[in-house]
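A.B. asks: Between the sequences and the hints, there should be enough to build the whole structure, so can you do that?
Chain by chain, the residues:
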Amino acid sequence: MEKEIAVAIDDLTVAYNYKPVLWDIDLTIPKGVLMAIVGPNGAGKSTLIKAILGIIKPIAGSVTVFGKSYKKQRHLVAYVPQKGSVDWDFPTTALDVVLMGTYGALGWIKRPGKNEKKAALEALEQVGMLPFKSRQISQLSGGQQQRIFLARALVQNAEIYFMDEPFQGVDATTEKAIINILKLLRKTGKTVIVVHHDLQTVPEYFDWVTFLNVKKIATGPVKDIFNNENLTKTYGINYQVSIQE
Amino acid sequence: MRTITIGTAILGAVCGMLGSFAVLRKQSLLGDAISHAALPGIAVAFLITGAKDSNTLLFGALISGLLGAFWIRAIITKTHLKSDTALGLILSLFFGVGMLLLTFIQKQPNANQAGLDKYLFGQAATLLERDVWFMAIVTSVCVLVLLLFWKEFKLLLFDADYTKTLGFNIKFLDALITSFIVVAIILGLQTVGVVLMSAMLLAPAAAARQWTNSLAVMVGLAATFGAFSGVIGTGISASYSNLSTGPVIVLVASVFVLISFVFSPSRGLLFKEIRFRKNRNDLKLHKTLSFMYDIAKTHDEISHPHTVKILNNFQGFTKKSLHKLEEDDLIVLKGGNWSLTEEGFFKAKNLYNQHIKTDD
Chain A
1478 MEKEIAVAID
1488 DLTVAYNYKP
1498 VLWDIDLTIP
1508 KGVLMAIVGP
1518 NGAGKSTLIK
1528 AILGIIKPIA
1538 GSVTVFGKSY
1548 KKQRHLVAYV
1558 PQKGSVDWDF
1568 PTTALDVVLM
1578 GTYGALGWIK
1588 RPGKNEKKAA
1598 LEALEQVGML
1608 PFKSRQISQL
1618 SGGQQQRIFL
1628 ARALVQNAEI
1638 YFMDEPFQGV
1648 DATTEKAIIN
1658 ILKLLRKTGK
1668 TVIVVHHDLQ
1678 TVPEYFDWVT
1688 FLNVKKIATG
1698 PVKDIFNNEN
1708 LTKTYGINYQ
1718 VSIQE
Chain B
-9 MRTITIGTAI
1 LGAVCGMLGS
11 FAVLRKQSLL
21 GDAISHAALP
31 GIAVAFLITG
41 AKDSNTLLFG
51 ALISGLLGAF
61 WIRAIITKTH
71 LKSDTALGLI
81 LSLFFGVGML
91 LLTFIQKQPN
101 ANQAGLDKYL
111 FGQAATLLER
121 DVWFMAIVTS
131 VCVLVLLLFW
141 KEFKLLLFDA
151 DYTKTLGFNI
161 KFLDALITSF
171 IVVAIILGLQ
181 TVGVVLMSAM
191 LLAPAAAARQ
201 WTNSLAVMVG
211 LAATFGAFSG
221 VIGTGISASY
231 SNLSTGPVIV
241 LVASVFVLIS
251 FVFSPSRGLL
261 FKEIRFRKNR
271 NDLKLHKTLS
281 FMYDIAKTHD
291 EISHPHTVKI
301 LNNFQGFTKK
311 SLHKLEEDDL
321 IVLKGGNWSL
331 TEEGFFKAKN
341 LYNQHIKTDD
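Which chain is which? The protein sequence lines are A and B, in order. Last residue of the first sequence: number 1722 in our numbering, and the count goes up by one each step with no gaps. Last residue of the second sequence: number 350 in our numbering, and the count goes up by one each step with no gaps.
Do not rely on the hints blindly, as some may be mistaken.
Restricting the straight-line Cα-Cα distance to at most 25 Å, the calculated cross-link-like pairs of lysine-lysine (DSS-like) are [what the hints assert, rightly or not]:
{"id": "1", "chain 1": "B", "residue 1": "K72", "chain 2": "A", "residue 2": "K1549"}
{"id": "2", "chain 1": "A", "residue 1": "K1548", "chain 2": "A", "residue 2": "K1591"}
{"id": "3", "chain 1": "A", "residue 1": "K1534", "chain 2": "B", "residue 2": "K161"}
{"id": "4", "chain 1": "A", "residue 1": "K1587", "chain 2": "A", "residue 2": "K1549"}
If the Cβ cut is set under 8 Å, some of the chain A residues that face chain B in the computed set are [as the list claims (entries may be wrong)]:
{"id": "5", "residue": "L1530"}
{"id": "6", "residue": "G1531"}
{"id": "7", "residue": "P1558"}
{"id": "8", "residue": "S1562"}
{"id": "9", "residue": "V1563"}
{"id": "10", "residue": "T1569"}
{"id": "11", "residue": "M1577"}
{"id": "12", "residue": "G1581"}
{"id": "13", "residue": "Q1613"}
Calculated directly from the structure, the hints in this document are not laboratory data. Beta carbons: idealized from backbone N, C-alpha and C, even for Gly.
C.D. replies: Next up, the structure:
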């Protein structure tokens, strides 16, 4: 049976100063996959996510989410930016940051109330950060900050999650904790798209993969397309990675 | 005098409030650029209308301030120049044009100069009651809008990209904040002047940031610091003749900053240094104590005395640190010998366990 399509990207092209960063990307992401986007530095992995989410304006192309334009479907999409993209010295607490995840559903002007707070506390609990809810965010470790960002996305209760390098600079325990949550999301039918750096862990963590280097090289199930041929095409000549069968 | 004091207090409060947003949005220099950009507006308004009336001139300032602000935005988004470059460019360009026009006006026969140069460094004495009323109204509108869009502003300040993905129009929010900053600056031109205006925005906010980890408290504190700077500054300048008010207010605000940098309990330099020394001393004592424990545990009796010299071979210690340990009842010193007390033994044992725990 054909799977339902969560995200469909058509002819997406992004350029900075005439230099193409993403070139004519066509990509369909089926519902319910846990997908890695891999590629070398400068391949446009983060840019792809940002262009899908409208943070960066593409010069061409369209994005649809469950068959409708992304702008109409924002409420179905959650985003976890790179940890380094914000100033963690901002005067606020962990709970407050997670509460921000509820702002989209609230819309303009309305303030978060009891229900929102309850949802935020649950999300904190889920990522194991409940004891730190009142902690000033600059006093959290890198891994804890990443969990807070994850909790903020969880509280959005979305169908599709985009994550930009959630494993960057976190320790092994946090990485395990995060991937377990992502797998749990997939189990409940959510779609999770992750910009990922560590090729060794791709077969273990993900069931779907997209190779990207300015152009889309390949996309599909990890077991079918995660091979040396595609890795070489993406990363250059003679790239080898030991793939465990 | 009362009018002036109230005026500067309101001005300080609104600047402190909005300054917090500028600081957190990493646009500390925006205020500086905008206030300098307002100068040519004043000159042009005078040239066109010939009026000396401050409302007309400030309206000119508003127009050119806004123009400058949105040029800066445009430069940052359309070109790949960094924001400090854009700010510097606009600041000097507008200020240069403003100064040029001012010198031109000064040579005109009709212009006994409307005292236009008062806008350079401000002159609080020229504040009228209606100016203060106007300030009060603008400030109330500001507070209302801040309260209304509090959630959105907070989100934007912390994570602008994320704000966008939630469907909020960040261009609108940004324009709103920038417009308010422009308005606050225009309000302050008459009192503090073009050159020092940015200090009114930044100083209270920078001081407030030292004392709190909550955005709401920070904004409130900044407003309070700003208001007090206004009141105290006006008071000081009134009690000495010929001291111009604007610079005094700015100096008072800077004193707030200085005090905050040194004395804030969590971020201040003083307490940081105290904590650092305390930690270092504690660590030294712990090191000696755990070494004593290593020796003592090989004996049946905890309080078996050992010679102080034995420590010397392996472990740096000072008379002072031994005395400190004795003071805390962790060891007993007798002649050239030391022995652990029961309390000391257990403390050392726990230190030791903790050490192992964190190791694996």
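A.B. asks: If a hint holds in the structure, say so; if it does not, say that too.
C.D. replies: Against the structure, the hints:
no. : hint                 : in the structure
1   : B/K72 with A/K1549   : violated, 33 Å
2   : A/K1548 with A/K1591 : violated, 28 Å
3   : A/K1534 with B/K161  : holds, 14 Å
4   : A/K1587 with A/K1549 : holds, 20 Å
5   : L1530                : holds, 5 Å
6   : G1531                : holds, 7 Å
7   : P1558                : holds, 6 Å
8   : S1562                : holds, 7 Å
9   : V1563                : holds, 5 Å
10  : T1569                : holds, 6 Å
11  : M1577                : holds, 5 Å
12  : G1581                : holds, 3 Å
13  : Q1613                : holds, 4 Å
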